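Visitor: Take the sequence shown: its position 578, counted from the start at 1, is 581 in my numbering, and no numbers get skipped.
Be careful, since some hints might not be right.
What the hints assert, rightly or not - With a Cα cut of at most 25 Å, we get these calculated PhoX-like pairs of lysine-lysine:
| id | residue 1 | residue 2 |
| --- | --- | --- |
| 1 | K30 | K18 |
| 2 | K673 | K651 |
| 3 | K74 | K30 |
| 4 | K59 | K24 |
| 5 | K59 | K18 |
| 6 | K608 | K651 |
| 7 | K422 | K521 |
| 8 | K521 | K462 |
| 9 | K59 | K30 |
| 10 | K673 | K422 |
| 11 | K74 | K608 |
| 12 | K24 | K74 |
| 13 | K74 | K190 |
| 14 | K24 | K58 |
Think of the hints as simulated: they come from the structure by calculation, not from any bench.
Every value quoted in this text rests on a predicted model; they were computed, and no experiment measured them.
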Amino acid sequence: MSLDSRLLALLARPKAPPLGKVEISRKLGLSPDERDAVRGAIERLEEVGEIVSVKKDRWTVPEHAGVFRGKIRFFANGDALVTNPGRPGQMDVFIGQGRSGSALPGDVVLALARGGGSGDRLNGEVLRVVVVASETVVGTLREEKPGRWIVVPDDPRFPQTVNIRPDPQGAPLAAGLKVVARLFPWKGAHAPLEGTVVETLGAADAPGVDLMAIIRRHRLREEFPEKALAAAEEVPFQIPAAETARRSDWRGRPVFTIDPDDARDFDDAIEVESLGPNRGWRLHVHIADVAHFVRPGSPLDEEARRRGNSTYLPGRVLPMLPERLSNGVCSLQPDVERLVFTASMEFAPDGRETAASFSRGVIRSARRFTYGEALAHLEAPRSRDEWTRRLHETWELASVLRARRFARGSLDLEMPEIKVRLDASGRPLALENVAHDRSHQLIEEFMLAANDAVALALKQRQIPALYRIHENPDPERLAELRGTLREHGVRAGDLTHRAELMRVLESLHGLHEEAALKYHVLRSLRRAGYSPAPLGHYGLAKANYAHFTSPIRRYADLVVHRALAQMLRLAPPREAPAAGDLAELGHHLSATERASADAERDAIKLKKIEFFRVALERGDRFRALVLEVRPNVLVVELPGAAFGGRVKVADLGDEYFHYDPAQGILRGRKSRRVFQPGMEMEVQVAAVDAARQYVDFRSAEGAQDAAPSGRKEEKTGRRNESPSGARPAGRGERGKPQPPPRKERKARRG
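Use the sequences and the hints to build the structure in full.
Guide: Written out as structure tokens, the structure is:
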């Protein structure tokens with residue numbers, strides 16, 4: 004362990020007092036000659052905010068001094084939140100408008116807690132920026148007046164526009180260009196934000212520029228380094244006979260894959276065997292053996308670690324590994340030999356796991372199914388053909404595992420998924436609803452089972468690894484959720500009891516507001532991440548859980564494969580993950596996962612807004628659900644697009660509408676038409692503002708406004724006619740609902 008790490012661990016001990024240089028040296032067992040090294044370590048750690056100075060020439064970790072170190076995330080209204088997933092138990096600090104100093108989105112800051120707040124949040128203010136993340140900003144160039152240029156940031160949470168100092172040596176400036184600007188040091192909200200253009204991406208409306216801007220904005224890695232590409236080219240497609248000879252041989256078995264119709268990388272293949280009447284099943288989950296090709300410390304490994312995961316944008320993928328591996332030698336394509344790591348499990352007729360074993364092997368996938376093809380077999384008579392029989396048998400096991408999982412407390416948080424279909428130039432053509440049907444569910448259950456079995460084996464044998472964790476929610480957040488549900492007419496008891504939360508989720512099934520209210524549930528839960536400690540997974544109700552099933556696209560899975568190889572003594576000790584580095588690695592991978600998820604969300608929202616701009620020109624009509632009624636606007640959700648917007652009262656028709664605050668409704672003076680939460684209406688696009696990322700709708704001419712949502716009385720105990728206080732659905736921190744991208748939601752794969 005490095006001196007910096009040892010010093011930090013010393014000061015971070017519970018109730019450890021602040022220490023001076025001499026005390027630190029003595030407690031670390033250092034000689035007087037090594038005190039210069041201690042001084043250097045203190046300076047390095049203090050500079051990045053890992054330790055702070057208190058009293059006189061004494062240091063401690065920030066939290067011992069009432070100071071919190073973390074990344075700052077801004078909301079569109081100027082508020083912010085300082086969080087640090089890398090320090091379990093550290094409370095978030097809420098930063099109100101005007102209290103963020105010179106911090107910009109993504110910076111690492113020290114925040115002083117001022118007390119107050121609620122749940123696991125404190126109120127506070129930013130003391131200083133310790134790690135600058137926002138060195139650049141992506142936006143659109145505008146000429147405010149002759150010779151005065153500004154960049155309007157794409158990120159609506161950015162505090163202000165950026166004044167541009169023209170660079171005589173740089174590219175010519177032109178209005179409407181999408182650019183990357185390097186920022187000069189900023190003194191805070193009362194000073195102008197200035198910078199200079201360092202990269203021109205192209206005209207803002209040119210094909211592909213929108214996604215390029217998102218890639219730059221979220222600082223994603225686009226091109227692979229030459230060393231990584233050269234290393235990938237050295238990987239042979241042909242598997243040596245000596246390698247297959249020392250592995251379990253699954254060639255010739257009825258192994259198959261099920262993936263989206265446009266998938267190119269295939270992480271996993273499966274096979275289910277029936278053990279006979281009333282004897283259960285044997286499940287084999289074969290996962291691409293990426294660890295065989297990507298060795299620790301190699302150029303491929305270093306780049307995969309930096310990226311952390313693949314990122315899936317509409318029409319474009321930023322893979323974690325070069326294409327030769329991700330879509331080639333590691334991809335479990337049909338009718339070719341591929342190396343795998345296999346989890347084999349046996350299940351009793353009631354779905355209880357009775358045995359599990361792991362091995363490295365070689366397969367030749369016998370069949371590739373798309374989800375649609377697999378579903379067609381599941382819906383056909385079992386006797387149609389051999390593959391139909393096998394898929395029916397596969398679903399029998401999956402359905403038992405699924406029922407058992409929910410019976411044991413797993414939360415049903417399945418959300419609608421909307422895919423944006425693009426043309427060849429990247430323009431959106433349509434929004435398509437992707438059903439989470441039985442073909443998706445059976446793969447999901449098998450991946451969950453394999454992840455669970457691997458995590459338990461590593462934990463029992465105390466092998467250092469990374470676990471996928473989802474900590475218990477904060478009771479205060481659940482209390483807030485209870486109030487929100489009540490406002491929507493949904494009865495809820497003490498949601499800290501899992502059974503009550505499960506009952507509430509069940510009560511939402513079939514309601515028009517189901518998706519909107521599930522988003523509120525999701526927002527009340529903590530975010531999942533990675534940790535060397537097996538802290539369990541709240542959402543899945545699993546005490547042990549790790550990511551094993553997608554090493555092509557997640558580095559955490561690659562780490563777990565290496566740990567499993569160590570457990571089975573299939574790899575040299577030097578390839579074992581270092582226990583001391585796992586906490587830092589887990590923090591890094593949690594951060595890269597979040598960056599990718601944010602980029603994917605922003606890209607989908609951007610493409611949806613572009614779709615609605617076209618819909619405005621065509622005059623398309625959409626079914627909308629009223630979520631909230633306000634004096635001047637209706638807040639609506641388009642279920643077919645998983646997109647929220649508003650309808651101005653002025654666009655409801657040529658008459659005066661009276662707002663009744665007691666009932667939360669609008670009533671037309673002439674027509675007596677009523678608009679209330681839960682009702683459906685037909686809308687058209689009225690206005691699109693891409694810069695501020697919102698869409699306004701209007702009531703479609705001749706629309707037949709439907710009756711209220713038909714909420715079931717026995718579920719809510721409230722009348723249909725006047726639910727009040729409804730609020731719009733949310734996503735992430737404050738945004739409108741956006742489903743997770745399709746490939747990343749191989750979350751069916753854990």
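Visitor: Going straight from one Cα to the other, do K24 and K58 come out at no more than 25 Å?
Guide: holds, 13 Å
Visitor: Within a Cα-Cα threshold of 25 Å, do K673 and K651 meet the stated pairing?
Guide: Distance of about 18 Å is within 25 Å: holds.
Visitor: Taken at face value, is the distance from the CA of K18 to the CA of K30 at most 25 Å?
Guide: holds, 16 Å
Visitor: Could you grab the alpha-carbon distance between K673 and K422 and see if it respects the 25 Å cut-off?
Guide: Outside the cut-off at roughly 41 Å; violated.
Visitor: Can you confirm whether the C-alpha distance between K59 and K24 stays at or below 25 Å?
Guide: Holds, at roughly 11 Å.
Visitor: Are K59 and K18 close enough, with their CA atoms no more than 25 Å apart?
Guide: holds, 19 Å
Visitor: Assess, step by step, whether the Cα of K74 is no farther than 25 Å from the Cα of K30, and give holds or violated.
Guide: violated, 31 Å
Visitor: Sort out whether K462 lies within 25 Å of K521, counting only the CA atoms.
Guide: violated, 33 Å
Visitor: Could you grab the alpha-carbon distance between K24 and K74 and see if it respects the 25 Å cut-off?
Guide: violated, 28 Å
Visitor: Does K74 pair with K608 here, judged by a C-alpha cut-off of 25 Å?
Guide: Measuring from Cα to Cα gives roughly 24 Å; hence the hint holds.
Visitor: Would the pair K74 and K190 pass a check requiring their Cα atoms to be no farther apart than 25 Å?
Guide: The hint holds at about 19 Å.
Visitor: Hinted pair, alpha-carbon criterion (25 Å max): K59, K30. Please report holds or violated.
Guide: Roughly 19 Å between the alpha carbons, so the hint for K59 and K30 holds.
Checked against the numbered hints above, the structure breaks hints 3, 8, 10, 12 and satisfies the rest.
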